[in-house]
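Participant: Line by line, the protein sequences give chains B, G and V. Anchor point for the first sequence: position 10 equals 10 in this note's numbering, and the numbering is continuous, going up by one each time. Anchor point for the second sequence: position 66 equals 66 in this note's numbering, and the numbering is continuous, going up by one each time. Anchor point for the third sequence: position 189 equals 189 in this note's numbering, and the numbering is continuous, going up by one each time.
Incorrect hints may have been included.
[As the list claims (entries may be wrong)] Residues from chain V that face chain B, not an exhaustive set, calculated with beta carbons under 8 Å: (1) Ala8; (2) Asp64; (3) Gly84; (4) Trp106; (5) Ala176; (6) Tyr180; (7) Leu230; (8) Ala236; (9) Ala237; (10) Val248; (11) Phe249.
Derived by calculation from the structure, the hints in this document are not laboratory data. Quick reminder that beta carbons are idealized off the backbone N, C-alpha and C, glycines included.
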Amino acid sequence: MRIAPTPGGVQAGSSTRKRRFAWLLVVVAALLVAFAPFPTGMGAPPPIHRLISVQAGQYAYAPSELQVNLGDTVTIELASTDSVHGLYIDGYGYSVQADPGQVASLTFVADRPGSFRFRCNVTCGALHPFMIGKLSVGRDTTLLRSAGLTVLGVLGLLLIRRQDAVAGGVP
Amino acid sequence: MSTLELTASARLKALLKNRYAQLAVLVLMLAGYAFAIVAGVVGSPVGSSNFSIVFVWIAWWAALILVAVPLLGRGWCSVCPIPIPGEWLQRGNVLGPHGRQPRWRGLRWPRQLRNIWLQSAAFLLLALFSIVLLTTPLVTAVVLGSMLVAATALGMVFQRRSFCRYLCPVGGFIGLYSQVAPVELRVKDKLICISCEGKPCYNGSARGYGCPWDVFPGGLSRNTYCGLCMECLRTCPHDNIAVNLRAFASDLNQPAGRLDEAFKSFVMLGSALIYSAVLLGPWGALKDAAYRIGSSAWFVYVVSFLVIICLVLPGLFALCASPGRDARAFRLRFSRLSSALIPLGLAAWIAFSLSFILTNGTYVLASLSDPLNLGWNLFGTSGLAWQPLLSAVLAPTQSLALTGGFVWSGTLAHKVASESRISSVPAVLYAGAVTLLLMRLLL
Amino acid sequence: MRGPEVLARSVVGLVLAAAVAVPLFLVWRTPMVHARMAESGGWLPDALTARVGVPLHLRLTSDDVLHGFAVGKLDAPSVDVIPGKVTDVTLLFQVPGTYTFYCTRWCGVNHWRMRGTIEVAGEPSTATAAALPGQPLYAALGIDLDAPRDAAVVLAQKPLASLSKDQIRREFAQYATTDYYRTHAPTEVWQTLRGDPALPPMDETKAWEVTASIWRSNTTAQELADGERLFAQNCAACHGSRGAGDGVFAAELAAAPGSASEGTLAAAPMTQAPANLADPARMLAASPALLQGKILRGGMGTGMPSWGPILTEDQTWSIVAYLYTFQFEYH
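Given these sequences and hints, build the entire structure.
Facilitator: Take a look at the structure:
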């Protein structure tokens, strides 16, 4: 990336220092967004026992988006409506399978926050690898951090643009 | 920018020039390709267990989008078996020029089609049927077979590798994204080319054939159209051609400003977005619409797909390129600025692909042991239960790829915008919005 | 042509020919039984042959969803038939005849239509080989399985089987035999009990308790457990886990003809909603023989499968015994 040459060495020096400072600010902010722990316990709802009935049919779950709070004890009752289906939760690794007519249930403690896809783990036809639902436990920290980094990137790029504009001649 | 000449190593250069080594690799690839077609036809109709689905859409795709394209540019094209039978027929030989070359039609590719519009159209055509293509072995076999037949037929009517250069749906985006790779093939000294008689790198000689990719190596400044076939390495009488290691995305510093390439950029970005929503999202209605070909829901899906890719995405970006009264200058600005989206597009495809590759990678191991679904267990893995790999690492890796791709694209957009004397703010905001949308869909 | 070119062409030709010919040959040479949902053809092939005493090796694979394989009237465990994978099974027959093999994992509303036959030739291998089953009980009794039934009773709650088996044997001996149980409906028994001059008078509730106890005395905990398992595996998908006719396929079966959804066969427009097996009006008026008959014969196109070739006699009686637990309280 080039900046237009600045008249005079003194100004050039200070703009380089400003630029370095700006970069440092961006990097520190990025590290904070990526790794700083979220404030916990601020209005976090108490964990409860949840019973969720999920129907599985080619090739979707109903409901396909589940929302629970961190720490909840979740029981998923899986009812298959056409052929044998399964429900495997990414990240947690728990799974259950159900034949039509025989409801199967899976109980676990949602002790990991974030967004987890759950998928069918019994081959159930052509679109089996894409039979997907989403379980949200508490706050989706990965998405929030990633979005935060993106916004930071936008701000950083705008900052650089402003600096270039100040340095010379860029609209 | 500094480059490291890899072919300075005499051993490496000899290996790259060696026709026997190249033939061995190509024959293996062609045998694997033929086997994949056969497996697609006579193997199990269950996609996740069929060799052709598993090895084309998981194993080969992973190697392509995660390794070959970002690191080797058109490295896959150099070993791709699709044009090979056609080329053998065209040349009348499987090893180097010898004896009389057969006389085929040998037409020049029509001038109006000497661009990548057809490749974008071919990719979009496949994309509309993608969910059936990815899951039905017979359909994959038919598509693979059709590409082989088309390449062979074109080889007997037109000169050189016309299928690869102007029709192959995969080649379209490999070429576009190969600009990111840290490997390139360039001439060492352009002055030598200027005084070279006969230009055997392009026209052929007793030592080798003229560039099958219809590229003049002396004029190569970007990776986009060089298929790394190494013919010019063999034909150049002045040893003026080199394969270099260089900085990533060097090609993007001088954007070509071609409208067909700009459009391809939106085809790739748009399809990454739509696939992320349809294939990896929890919305069964979308998947149904994409799968039931011929139903009214599918027509709605097709129209939406095309409108997003051909109108919405490029349209919004056109607003970022400061439309003005001078149409030609605006087109140039638009095309150049679009090339800034290339790192983000590649990052989007990497993030999207990682998801289904890591989730379904164990199918590859299982299929290796029973490639024809006959109950074999060649390597002991046929009973391997499906299990997602590296789940804990997936989301952070996707996040890193997308954030990195965005920052890269944003920086490039800033550079290109400055050179075009327009504000980079809209383009940066556009890229940021697309990145946030991708994150919402993938993470 | 130069030597190297000839050699190269030969190698290329050989490798490519092998890549195509070898897999084709191997697939052609390996006989497999393919399982598909009934709508896509069912079992392919669906007619097998075997000989008494000669093991029959089968390689089973599924072409779509998870299926299962078992042979009716044969003492062999069922196996899963997994999509894309191969299951090996070996069958040995002692008695000649026609056996029915069928799918054991629900694969759609037409799951029960996935059947095939194995013709077994030869002489019975043992003297005590099972004889051909005689006429089913409902036929011998002349019961009309399709006649409408209404128990015309109103029960505030499920009758409790309060008398033990011993008590029933002592005090109601002639009502306690297996034959009597199988050939009479609960309402008939209840009426007879109340009208029997040899017995002390009993009010309605007491008579029901005795009836329930008679029913319980004709079964065992093991039989009920078997019946519950068989019901869950074979019946619940249509009739519902509590027999109320609300299973996952009930809606599809009840759909009007012509509005058949993509899962149903075009040839089955007369299917109807699965029966409510928890309805006292219908069930208390049904004798075990009638219920057995319904299970054996099936529904003649209504969508109720005929289980005659599949279930053993013991299995049908255990399902029948389990069905009455929807009407009577056994604990």
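Participant: It remains to establish, for every hint, whether it holds in the given structure.
Facilitator: Cross-check of the supplied hints:
1. Because the closest C-beta pair between Ala8(V) and chain B is about 41 Å apart, greater than 8 Å, the hint is violated.
2. Of the supplied interface hints, the one on Asp64(V) holds, with its beta-carbon coming within about 6 Å of a beta-carbon of chain B, less than 8 Å.
3. For Gly84(V), the shortest C-beta to C-beta distance to chain B is roughly 7 Å, which falls under 8 Å, so the interface hint holds.
4. Interface restraint check: Trp106(V) against chain B, minimum CB-CB distance 4 Å, threshold 8 Å, status holds.
5. Taking 8 Å as the C-beta contact cut-off toward chain B, the hint placing Ala176(V) at the interface is violated, the least distance being around 34 Å.
6. Given the 8 Å rule on beta carbons, the hint for Tyr180(V) is violated: about 33 Å separates it from the nearest Cβ of chain B.
7. Residue-level restraint check for Leu230(V) is violated (minimum Cβ-Cβ distance to chain B is 12 Å; threshold 8 Å).
8. Using the Cβ-Cβ criterion of 8 Å, the hint placing Ala236(V) at the interface with chain B is satisfied: the shortest such distance is roughly 3 Å.
9. Hint on Ala237(V) holds. Least Cβ distance to chain B is approximately 3 Å, under the 8 Å limit.
10. The beta carbon of Val248(V) is positioned within 8 Å of a beta carbon in chain B (closest approach about 4 Å), and the interface hint is therefore held.
11. Taking 8 Å as the C-beta cut-off, the interface hint given for Phe249(V) holds, the closest approach to chain B being about 7 Å.
The structure shown violates the earlier hints numbered 1, 5, 6 and 7.
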